[in-house]
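J.: Residue-level listing of the chains:
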Amino acid sequence: MERQITYGQAIAEALVQGMELDPNVFVFGLGVDDYKGIFGTTRAAFEKFGNKRVFDVPACEGALTGVAIGAALHKKRPVLVHARNDFMFLALDQMINNAAKWKYTYAGKTSVPIVVRGIIGKGWGQGPTHSQSIQSVFAHFPGIVVAMPSNAYDMKGIILQSLKADCPVVILEHRSLYDIKMDVPEQPFTVQFGKAKIEREGTDVTIVASSVMVFESLKAADVLSRDGISVEVVDPVTIQPLDERAILDSVRKTGRLIVADTSWLRCGFSAEVAAVVAENIPQCLKAPVKRIGFPECPSPVSKTLEDVFFPSYRDIVRSVYDVLDRKPGIDIPNLQVVDSFKGPY
Amino acid sequence: MNEIKKQLLAVMLKIRKAEEKIVEVYARDGKMRTPTHLSIGQEGVAAGLALALHKDDQVFAGHRCHAAYIAKGGDYNGFFAELCGRATGISEGRAGSAHLTDAAAGIFVSPILGATIPVAAGAALAFQMDGKKNIAVAVFGDATIEEGVFAETVNFALAKKLPVLFLCENNLYSTHSSLSVRQPSSPIFERVRQPELPTEQIDGNDAVKVFETLTRAVNHVRTKQMPYFVECMTYRVREHVGPLNDWDRGYRTKDEVDAWIAKCPIARLSKTLMDEKIMTLSDIENEEKKYAKMADDAYEFALNSPWPDTLSMTEHVY
Numbered sequence: 000m001e002r003q004i005t006y007g008q009a010i011a012e013a014l015v016q017g018m019e020l021d022p023n024v025f026v027f028g029l030g031v032d033d034y035k036g037i038f039g040t041t042r043a044a045f046e047k048f049g050n051k052r053v054f055d056v057p058a059c060e061g062a063l064t065g066v067a068i069g070a071a072l073h074k075k076r077p078v079l080v081h082a083r084n085d086f087m088f089l090a091l092d093q094m095i096n097n098a099a100k101w102k103y104t105y106a107g108k109t110s111v112p113i114v115v116r117g118i119i120g121k122g123w124g125q126g127p128t129h130s131q132s133i134q135s136v137f138a139h140f141p142g143i144v145v146a147m148p149s150n151a152y153d154m155k156g157i158i159l160q161s162l163k164a165d166c167p168v169v170i171l172e173h174r175s176l177y178d179i180k181m182d183v184p185e186q187p188f189t190v191q192f193g194k195a196k197i198e199r200e201g202t203d204v205t206i207v208a209s210s211v212m213v214f215e216s217l218k219a220a221d222v223l224s225r226d227g228i229s230v231e232v233v234d235p236v237t238i239q240p241l242d243e244r245a246i247l248d249s250v251r252k253t254g255r256l257i258v259a260d261t262s263w264l265r266c267g268f269s270a271e272v273a274a275v276v277a278e279n280i281p282q283c284l285k286a287p288v289k290r291i292g293f294p295e296c297p298s299p300v301s302k303t304l305e306d307v308f309f310p311s312y313r314d315i316v317r318s319v320y321d322v323l324d325r326k327p328g329i330d331i332p333n334l335q336v337v338d339s340f341k342g343p344y
Numbered sequence: 000m001n002e003i004k005k006q007l008l009a010v011m012l013k014i015r016k017a018e019e020k021i022v023e024v025y026a027r028d029g030k031m032r033t034p035t036h037l038s039i040g041q042e043g044v045a046a047g048l049a050l051a052l053h054k055d056d057q058v059f060a061g062h063r064c065h066a067a068y069i070a071k072g073g074d075y076n077g078f079f080a081e082l083c084g085r086a087t088g089i090s091e092g093r094a095g096s097a098h099l100t101d102a103a104a105g106i107f108v109s110p111i112l113g114a115t116i117p118v119a120a121g122a123a124l125a126f127q128m129d130g131k132k133n134i135a136v137a138v139f140g141d142a143t144i145e146e147g148v149f150a151e152t153v154n155f156a157l158a159k160k161l162p163v164l165f166l167c168e169n170n171l172y173s174t175h176s177s178l179s180v181r182q183p184s185s186p187i188f189e190r191v192r193q194p195e196l197p198t199e200q201i202d203g204n205d206a207v208k209v210f211e212t213l214t215r216a217v218n219h220v221r222t223k224q225m226p227y228f229v230e231c232m233t234y235r236v237r238e239h240v241g242p243l244n245d246w247d248r249g250y251r252t253k254d255e256v257d258a259w260i261a262k263c264p265i266a267r268l269s270k271t272l273m274d275e276k277i278m279t280l281s282d283i284e285n286e287e288k289k290y291a292k293m294a295d296d297a298y299e300f301a302l303n304s305p306w307p308d309t310l311s312m313t314e315h316v317y
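Chains A and B supply the protein sequences, listed in that same order.
Positions 0 to 344 (numbering that gives the first Met the number 0) are the ones given, in order, by the first sequence.
Positions 0 to 317 (numbering that gives the first Met the number 0) are the ones given, in order, by the second sequence.
Hint data in this document are derived by calculation from the structure and do not stem from the laboratory.
Keep in mind it's a predicted model, so treat the numbers as computed, not measured.
Please note that the accuracy of each hint is not assured.
Here are some, though not all, of the chain B residues that point toward chain A, as calculated from beta-carbon distances under 8 Å [as the list claims (entries may be wrong)]:
1) 1
2) 93
3) 114
4) 148
5) 154
6) 177
7) 184
8) 314
9) 315
Glycine residues also receive a C-beta, built at the ideal position from the N, C-alpha and C atoms.
Construct all of the structure, not just a fragment, from the sequences and the given hints.
T.: Here is the structure:
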């Protein structure tokens, strides 16, 4: 029987195993060695490997990213941790102007395979600057792999794959998924970049979802199956590279597409997926594409506003009925939105 | 020391003749299609630095990088071919003038102000982790100390006790913006100094002084495993980007430019070498001819080199 661990535990385990496999791996970031250890994810590595390989730093996201690049030039495998991905805006010059372009600009003679973890926040009034999800920023620029694992298995495999890659990798982790358990092998294993997973097969509607929205989509698919609707859920795992073929194959089969993302719609991941389908197989679409994401405003603090701001499984269910042009034949239960994080801060 | 002085002159002439070749052909031939920031007038800093370093020490520079690249021993034909966008360029025509990087020679360049300063600290961190005795040098201009990442990196390097030398080439201008409108009037080295960070300011156009100071600074960094900061006062003679003179464009005066040309690091060291009877005028002229020919040949090499295969354009992204 497989063993179950949480998404957060999968991160911790992958880091420890990655450090065992490669003595060049080190982990740094604000608070990685403190008693909380980035929501528990760096604690085990610190206890096992000590402060030479897991160390605290000053608050300087730009410089830290450059330091990671410089260390990577010397065959080190830095893992830089940002407790909220919003802080990565402070590192954009290094990420975009240096890391993303390094290998290409210098004709492949050197590469800078840094791994950058950023955590997406949501809920408990974390508000405008602590609950953004900045995947489209990084995915826009060639040269960075952007992973958004939606479950513990993929998270472990993506981290271990990142520690073998020859390019910079951004891993965006969703805080709401941290306590969700699943079967994860104890042995080290990798999950490929650019290979989507069909999380649930279906024939009526395709939902392409990122991160926590995969979880919401699966819940929606479950409820909808009771109304005789067959939903296919596609998890791209990495949004750059993007497994276009898996998306197109699914839409060819179902003829309907919903994209559910953890961010805004404009110029975002949901726009990208819609474009891929529109450019390649518009003739296969039986209904207009539907996109689900944040409303056009920053994320507010008040609980009342938050409840409306963050899309949930109910929005997905409603969209499925829309693209099918039919009305619910069952009562839609008011399931709790996925959020294993209950606060308080 | 006589030998060092001769080597300093040789390195400076190698840089100067390369850049004079660029001046000669840049507009005339139009073969170098890459924004080019010439170091003419600033060669003393790069020459003094290169001779003060061990071979396996590494240098991380910014946009005005020709001098550091050549001084550190970056591939010379690959330099000209890179400027001409050829497949034989050091980065196969992808990097151009402002990204001149030859990892084998230990010179890394990226041109956004401050971009390579933390990268130097990262290299220093790797040296420290591996127990190596190499050091990393961040070379940057006076405007770069205005960037946040400079302050971030100095703090990081001090907190982590990293072997990194911060080397500021103060040429008084950021593009066309004078230092006097960008910073307070006190000298940079005094404002950068911290209890744990020794700093000093020297005449960057005195190559011997640069060599002696940086030898001491490098030794401090290597043996104490702590950062050090040196400000070298110098001046770019040509325009910010491109091969021309620009003293008539209003942001600086011909008198100012002439005063600095009179302090040319090559002319000064040449005079010293002759005064001290280490080299004769004809020795120096022979050196000049040698490096002029080297530049002619490298340009020829570049023009005879193939263009990159367009099918290779999307290689090496991931």
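J.: The structure should be examined with respect to each hint, and the outcome stated for every one.
T.: So, going through the hints one by one against the coordinates:
Here the hint on residue 1/B is broken, as its CB sits about 36 Å from the closest CB of chain A, past 8 Å. Taking 8 Å as the C-beta cut-off, the interface hint given for residue 93/B holds, the closest approach to chain A being about 5 Å. At a threshold of 8 Å, the smallest CB-CB gap from residue 114/B to chain A is about 6 Å, leaving the interface hint in force. Hint on residue 148/B holds. Least Cβ distance to chain A is approximately 5 Å, under the 8 Å limit.
Interface restraint check for residue 154/B: the shortest CB-CB distance to chain A comes to about 5 Å, inside 8 Å, so the restraint holds. Among the interface hints, the one on residue 177/B is violated; its C-beta lies about 25 Å from the nearest C-beta in chain A, farther than the 8 Å criterion. The restraint placing residue 184/B at the interface with chain A is violated, with a minimum CB-CB distance near 28 Å, outside the 8 Å limit. The beta carbon of residue 314/B comes within 7 Å of a beta carbon in chain A, closer than 8 Å, and the hint placing it at the interface holds.
The beta carbon of residue 315/B comes within 4 Å of a beta carbon in chain A, closer than 8 Å, and the hint placing it at the interface holds.
In this structure, the earlier hints numbered 1, 6, 7 are contradicted, and the remaining ones agree with it.
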